[in-house]
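Asks: The chain contents come next:
2 protein chains.
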Amino acid sequence: MNIADMTPAELQAQKVSLEQQHQAFVAKGLALNMARGKPSRAQLDLSMMLLSDIVATDECFAEDGTDARNYGVLDGLPEAKRLMACFLDDEPENVIVLGNSSLNAMYDALARCWMFGTGGHAPWSTLDQVKWICPSPGYDRHFAITEAFGIEMVPVAMTQDGPDMDDVERLVADDASVKGIWCVPQYGNPTGVTYSDETVERLAAMACAAPDFRIFWDNAYGVHHLYADPDRQRKVVDIRPACERAGNPNRPFKFASTSKVTFPGSGLAAFASSAENLAEAKRAMGVQTIGHDKINQLRHVAFLEDAEGIAAHMQRHADIIRPKFELVARKLAEALADVPDCSWSTPLGGYFISFDAPENTAKRIVALAKEAGVTMTGAGATYPYGRDPRDSNIRIAPTLPPLEELDEAMDVFVTCVKLAAVEKALAEA
Amino acid sequence: MNIADMTPAELQAQKVSLEQQHQAFVAKGLALNMARGKPSRAQLDLSMMLLSDIVATDECFAEDGTDARNYGVLDGLPEAKRLMACFLDDEPENVIVLGNSSLNAMYDALARCWMFGTGGHAPWSTLDQVKWICPSPGYDRHFAITEAFGIEMVPVAMTQDGPDMDDVERLVADDASVKGIWCVPQYGNPTGVTYSDETVERLAAMACAAPDFRIFWDNAYGVHHLYADPDRQRKVVDIRPACERAGNPNRPFKFASTSKVTFPGSGLAAFASSAENLAEAKRAMGVQTIGHDKINQLRHVAFLEDAEGIAAHMQRHADIIRPKFELVARKLAEALADVPDCSWSTPLGGYFISFDAPENTAKRIVALAKEAGVTMTGAGATYPYGRDPRDSNIRIAPTLPPLEELDEAMDVFVTCVKLAAVEKALAEA
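Chains as they are written, first to last, in numbering that gives the first Met the number 0: chain A, 0 to 428; chain B, 0 to 428.
Worth flagging that the hints you see were computed from the coordinates, not collected in a lab.
A portion of the hints provided could be inaccurate.
If several chains are the same, the list does not tell them apart, and a pair holds so long as it fits within one copy or across any two.
[As the list claims (entries may be wrong)] No more than 20 angstroms apart at the CA atoms, straight line, and that leaves these computed lysine to aspartate or glutamate pairs for EDC-like:
no., residue 1, residue 2
1, K281, D74
2, K423, E358
3, K330, D340
4, K281, D139
5, K281, E146
6, K362, E427
7, K130, E168
8, K14, E358
9, K27, E403
Modelling step: build the complete structure from the supplied sequences, incorporating the hints.
Replies: This is the structure in structure tokens:
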């Protein structure tokens, strides 16, 4: 019977039963984790070639003769630019290969705007106010960056086509203090949404009061398809040429990495943008560092080779994580059929399932899960300042636990959802 | 005959002869480089174990069980902290292991002070003026960082004991806008000077008008001894405990890296400081990145092992570069005996020889060398804003060329010095 149709007495009985189930989980002393988008051990095992002598004695020279062991090459070896262009959906000449973290690349890009300005405009640190558009639910680590700089974050709703563009266009049109937007355009974190062509074109063409408005385009999941069937793959229109066509060539800062491709923390990150933005970035970067890890660039080129190599490798990842996504979807559908006001995404790629619980229950659900030994991303984390106005969204990260652990963790999770929903229904009865 | 004793006619004859020698070098079309402190290929070959499967399938777990292939561990694996503590002359618990570049670490540390302030004080970006003490001659890339931030650089003379401490104490005493000092305390770049105990104690104890004055302590050459004999090794007193004893525990930011130990660009950098500074850095860093390359941390631990392993490895480096330093010293002594007002360092470690040419000839010498196919560090580069007030200092970096090339490059160099000295004597005659 649907919780919405239960009498108070039925709800009470249901509550007791669910509490018993919950207590049984607590008693088991579980330690399961669906909090972060981390690859599982089986996925890491796919890249063990990187630990071999894949860059051997005779192969530590780049194709242009550069000794990859020594200093130099600020923006990346030619072959590494070619490789990372595949992840950035761009041309090698528009790519700078960076260190091990695209988060670090985004932070540094924002810090450069903050300290020195961009495009010849005033450093953002000198302005009375800087605002930022945060499509929500979104990525908590993005929001943590803008929060650290004291930037006022303005949430905008996510639709099935990307951020609500009417809102975005309105916000940027009149207010020159709105300097940027966070975007995860493909298989978004946590929604799984891929921006529609129209969304991309509107982002590229919209009239911005700030001449130095920047789109932080975090293409974190550009090659992270769950299905091999092209009909079940999504691909986002590239923002850079779209901005160029619209006469706003310097608007996009594009980022990608191999973090969820090879070894997180031991991979490559990269940046792509207009020629003017690249030159600006390189001027500042040239003071900050002599160059990034070129041996690791060669390792990744030798291992992944090219777009085809990447696609084949990502299908091996998909074969491991697809069953996990499907398990979560099945468990949710089976267990929550009778719980009103629940919904969730069924993404075709990326790393997350976005779950919307009945209003005002997300915090309670995550707390209940924690008690029962299942760690979820904190409720609210998918909103700026950790404030989900509906206290509803929970990010499920299914990749890390092995399938059998995920199964158990989902049993716990759905029990917590049901219990919180019953508690809510009782309180409102 | 000494140039100082020559008649104008003798000088003229000497000039013609030197010009002929110089032209002979030009005609050879040489391409030799003594500009940057880069290890030679023979030195890079010492670390080829890093390209093997030194971190094998079963060994990608840290001693605390962390899977080094996955996300996480912001401040470094325990064994990597222990290793980098050897380079920082500090305790592992005071160490944060970073990415591949100590320059990047210094830039980021300064950027954090700039954007957010340090020790609860105002962000430096909000101040009307920030000044910085630059012991000179010093490291051009240090000066490039402070210049990029628009910080006013105040040169202070280097003595045989380190920076002129009377000047330093005077500068920091009354002016709260003086926020920092660049220090390469051991085998300094380019002087080769190691700070005396008294210099370190005075830096630690001096009264600073700015409560957030910071010593940027770049211990780049802490293990880079040229000689195995302990009597011919210099060691600097550690600034951190000295500052602690003096009641200024948060004053030092210490940096080191393996750049000139293993592969520049593919090594480890690290930071050490007080508990309060470490906590502050980690708060900001935790927004900037999830963690650095832990596989590379394990590689370096497996390869270098400990202080003893480092010392043994550095002696293999010394065996390669010592003959180069000695060749330069011999060439200079032989060729310049009759040239007045020349002097040079004979360092016991580090990467450079600091050469002082007759006043107002350094630019000319470097230009003459360039014409003859020998690239030197630009004259003036060892001073803030590239302005050597005496136009005298030239940094010689002898490590990169093979011995026979260095020999030829030094023949060119001394010819250029002599020609410039003769030109100067003629102009003054």
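Asks: How do K281 and D74 come out at 20 angstroms by Cα distance, when the copy is not named: within, between, both, or neither?
Replies: Within. Shortest intra-copy distance 7 angstroms satisfies the 20 angstroms Cα cut-off; inter-copy 27 angstroms does not.
Asks: Treating 20 angstroms as the Cα threshold, decide for K330 and D340: within, between, both or neither.
Replies: Answer is within; shortest intra-copy Cα gap is 16 angstroms, inter-copy 85 angstroms.
Asks: Classify it for me, K423 with E358: is the Cα-Cα distance of at most 20 angstroms met within a copy, between copies, both or neither?
Replies: within (9 angstroms within a copy, 85 angstroms between copies)
Asks: How do K27 and E403 come out at 20 angstroms by Cα distance, when the copy is not named: within, between, both, or neither?
Replies: within (15 angstroms within a copy, 72 angstroms between copies)
Asks: Within a copy, between copies, both or neither: which one fits K281 and E146 at a CA-CA cutoff of 20 angstroms?
Replies: Between. Shortest inter-copy distance 16 angstroms satisfies the 20 angstroms Cα cut-off; intra-copy 26 angstroms does not.
Asks: Could you place K130 and E168 in one of the four classes (within, between, both, neither) given a Cα distance threshold of 20 angstroms?
Replies: Cα proximity of K130 and E168: one copy only (14 angstroms, versus 43 angstroms across).
Asks: Which holds for K281 with D139 at a C-alpha limit of 20 angstroms: within a copy, between copies, both or neither?
Replies: Between. Shortest inter-copy distance 18 angstroms satisfies the 20 angstroms Cα cut-off; intra-copy 28 angstroms does not.
Asks: Please work out whether the CA atoms of K362 and E427 approach to 20 angstroms or closer within one copy, between two copies, in both situations, or in neither?
Replies: Intra 17 angstroms, inter 84 angstroms, cutoff 20 angstroms: intra-copy only.
Asks: Regarding K14 and E358, is the shortest C-alpha distance of 20 angstroms or less found within a copy, between copies, in both, or in neither?
Replies: So K14 and E358 pass the 20 angstroms test inside one copy only (18 angstroms; across, 90 angstroms).
Consistency note: the structure conflicts with none of the earlier hints.
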